[in-house]
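So in UniProt numbering, spot 152 of the sequence shown is number 152, and the numbers just go up one at a time.
Calculated directly from the structure, the hints in this document are not laboratory data. For each residue, glycine too, the CB sits at the ideal point set by N, CA and C. The reader is advised that the hints may include incorrect statements.
Cross-link-like lysine to aspartate or glutamate pairs, in silico, EDC-like; alpha carbons within 16 Å at most [claimed, not checked]:
(1) K243 - E277
(2) K173 - E102
(3) K294 - E213
(4) K235 - E277
(5) K235 - E213
(6) K243 - E207
(7) K197 - E213
(8) K282 - E247
(9) K171 - D149
(10) K73 - D262
Per label pair, the in silico range of CB-to-CB distance [claimed, not checked]:
(11) L155 - L273: 25 to 35 Å
(12) R138 - E110: 26 to 36 Å
(13) S157 - Q196: 24 to 34 Å
(14) R302 - Q261: 43 to 53 Å
(15) F186 - L273: 46 to 56 Å
(16) E256 - L158: 31 to 41 Å
(17) E256 - H85: 29 to 39 Å
(18) E84 - R255: 40 to 50 Å
(19) K81 - G178: 33 to 43 Å
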Amino acid sequence: MLHHQQPEPERAHSMVLLSFMLMVFIFAATHYLQFLLTGVTPGTSFPEFSAVGQLDGEQGGYYDSTIRTVILKADWVKKSKDTEHWKMMTQRIFEDQQLVMERLGNIMNELKEMSFCAGVHTVQWVYRCELDDDGSKRGYMQCGYDGEDFLSLDLNSLSWIAPVPQALITKHKWEETGHVLFQKHFLLNECIGWLQKYVEYGRSTLERKVPPEVSLFQKDSSFPVVCHATGFFPKAVMISWQKNGEELNEDVELRETVPNQDGTFQKRSILTLSPEELKNNKYTCVVQHEGFKKKLQVSDRRVLSDDESVGIIVGAAMAILLLVTMACAGVFIWKKKTTSGG
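Using the sequences and the hints, build the whole thing.
In structure tokens, the structure reads:
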């Protein structure tokens with residue numbers, strides 16, 4: 001097959017168009033509400049049941065079976081005066097606790113593990129609804145068992161998808177109950193209603209736009225170059241590299257976006273190259289964020305002093321610790337720790 005090279009002006013136009021479309025996709029105003037429920041067999045140091053509610057990734061509330069009360073986390077939630085709604089939500093969490101623990105026992109029975117379940121077993125529920133600015137709605141519901149995917153709800157076919165054979169028995173039982181239509185109505189109506197309510201509560205917080213502070217540095221001349229963006233909100237950000245004005249994708253490691261203690265986020269991209277390459281070429285970090293009117297390009301790098309290196313390390317460690325703390329609180333699905341024979 002003959003390869004026809006695209007004329008340079010057309011290719012440049014296509015790249016600009018592709019970049020624009022990607023930016024629109026990443027920064028589109030989509031709000032989502034997500035609940036994460038975890039049930040754990042008795043006898044561990046973990047609560048038998050915990051629940052976390054998140055709006056656009058920010059934790060709004062937390063509950064577990066040890067404290068037996070809902071703890072409102074975000075300031076915009078604490079300031080809302082809708083006491084009747086929070087009473088209703090508390091009652092729903094009590095009902096969810098009973099349902100999740102029942103399903104944990106049922107799944108263990110169906111897998112015939114009750115006779116040899118000396119180890120710890122967990123069931124995890126995640127349900128989430130999304131609303132776009134244009135009114136488009138989506139809903140998701142997933143069940144995990146012992147930290148692995150177990151069942152997920154397909155709203156198009158109104159059926160449960162079983163990724164593992166062990167889940168087929170539960171899949172058929174759940175589909176026979178006829179609750180799939182109820183789940184669809186919940187996700188696309190009731191959950192969306194809650195989402196709209198919470199977005200109004202926290203609009204000034206959720207829709208604020210804080211641009212990142214960007215720095216380019218090395219620990220010393222033999223270390224990789226780090227492009228560090230921090231203090232930005234919302235979470236979506238794009239970090240890329242250029243070599244002498246051309247896009248660069250090789251030898252780049254993009255790290256996960258992690259939260260700061262003040263509710264903003266940080267992200268870093270690491271470029272590994274030799275001192276010779278660094279000396280003979282111009283490398284630029286390009287950052288795109290809703291807080292900027294146009295992309296930010298940073299080429300001036302510096303070698304950190306010992307004190308600065310320690311500060312960067314401590315800051316990164318605190319961000320990771322905050323992420324881990326959120327995970328332990330139930331923001332991420334807790335996966336059981338296997339023991340010998342467990």
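So, going through the hints one by one against the coordinates:
1. K243 - E277: With a Cα-Cα distance of about 10 Å, the restraint between K243 and E277 holds, given a limit of 16 Å.
2. K173 - E102: Between K173 and E102 the Cα gap is close to 14 Å, so the pair holds against 16 Å.
3. K294 - E213: Between K294 and E213 the Cα gap is close to 14 Å, so the pair holds against 16 Å.
4. K235 - E277: violated, 32 Å
5. K235 - E213: holds, 14 Å
6. K243 - E207: violated, 34 Å
7. K197 - E213: Violated, at about 32 Å.
8. K282 - E247: holds, 12 Å
9. K171 - D149: With a Cα-Cα distance of about 13 Å, the restraint between K171 and D149 holds, given a limit of 16 Å.
10. K73 - D262: holds, 13 Å
11. L155 - L273: 25 to 35 Å: Check failed, 47 Å falls outside 25 to 35 Å.
12. R138 - E110: 26 to 36 Å: holds, 30 Å
13. S157 - Q196: 24 to 34 Å: holds, 27 Å
14. R302 - Q261: 43 to 53 Å: Since R302 and Q261 have Cβ atoms about 25 Å apart, the given range 43 to 53 Å is violated.
15. F186 - L273: 46 to 56 Å: holds, 52 Å
16. E256 - L158: 31 to 41 Å: Hint holds: Cβ distance 35 Å, inside 31 to 41 Å.
17. E256 - H85: 29 to 39 Å: holds, 34 Å
18. E84 - R255: 40 to 50 Å: Between E84 and R255, where Cβ atoms are some 43 Å apart, the hint holds.
19. K81 - G178: 33 to 43 Å: With Cβ atoms ~38 Å apart, the hint holds.
Violated hints, listed in ascending order, are 4, 6, 7, 11 and 14; each of the other numbered hints is respected by the structure.
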